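Asker: To convert, count from 1 in the sequence shown and add 1065; that's the working numbering.
Keep in mind the hints are simulated off the structure, nothing from the lab. Since the model is a prediction, treat every value here as computed from it, not as a measurement. Cβ atoms here follow ideal geometry from the backbone N, Cα and C, with glycine treated the same way. Incorrect hints may have been included.
[To be verified] Heads up, simulated BS3-like pairs for lysine-lysine below, C-alpha to C-alpha not over 25 Å straight-line: (1) K1154 to K1127; (2) K1070 to K1127; (3) K1172 to K1117; (4) K1156 to K1127; (5) K1172 to K1127; (6) K1127 to K1142; (7) K1119 to K1154; (8) K1156 to K1142; (9) K1070 to K1119; (10) K1156 to K1119; (11) K1172 to K1119; (12) K1070 to K1156; (13) K1070 to K1142; (14) K1154 to K1172; (15) K1117 to K1142; (16) K1142 to K1172.
[Stated by the list, open to error] Ranges of calculated distance between the beta carbons of each label pair, as one might list FRET restraints: (17) R1144 to K1117: 18 to 24 Å; (18) P1084 to G1126: 18 to 24 Å; (19) D1103 to S1141: 31 to 37 Å.
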Amino acid sequence: MSDIKNLNFEEGTLNFWIPADLFEYDDNIAHILVNYMDSNGSILIVKDDDNKLKLSHVIIGKGRTDTEVNVANLSSKDRHMITAVWSLKNKEIRLYVDGNKSQKGTKIEYE
């Protein structure tokens, strides 16, 4: 995602497709999908070695919030849409897989 410029760490959305047959979702291997950082913060989205899709949101000097969803049962034969949403105003981050809210979200504790 090197084409990202001026990402707003206070409020934003990243939306992308994972192509079919890129990896097995239950392979117990970490796959980094998004790793963006600058002097203001970072966004990391990874299918981790515990077969969970994880979103990490960091604002430098303020804190870090993480959320995750189990993706071990996703079919690698299908492509999957991933959407990550964060908002300091609403004090939460959310992770969606194929348009469905994968969990309630995680509360952001910093301002």
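Asker: Quick check: which numbered hints come out false for this structure?
Answerer: Hints 6, 8, 13, 16 and 18 contradicted; others consistent.
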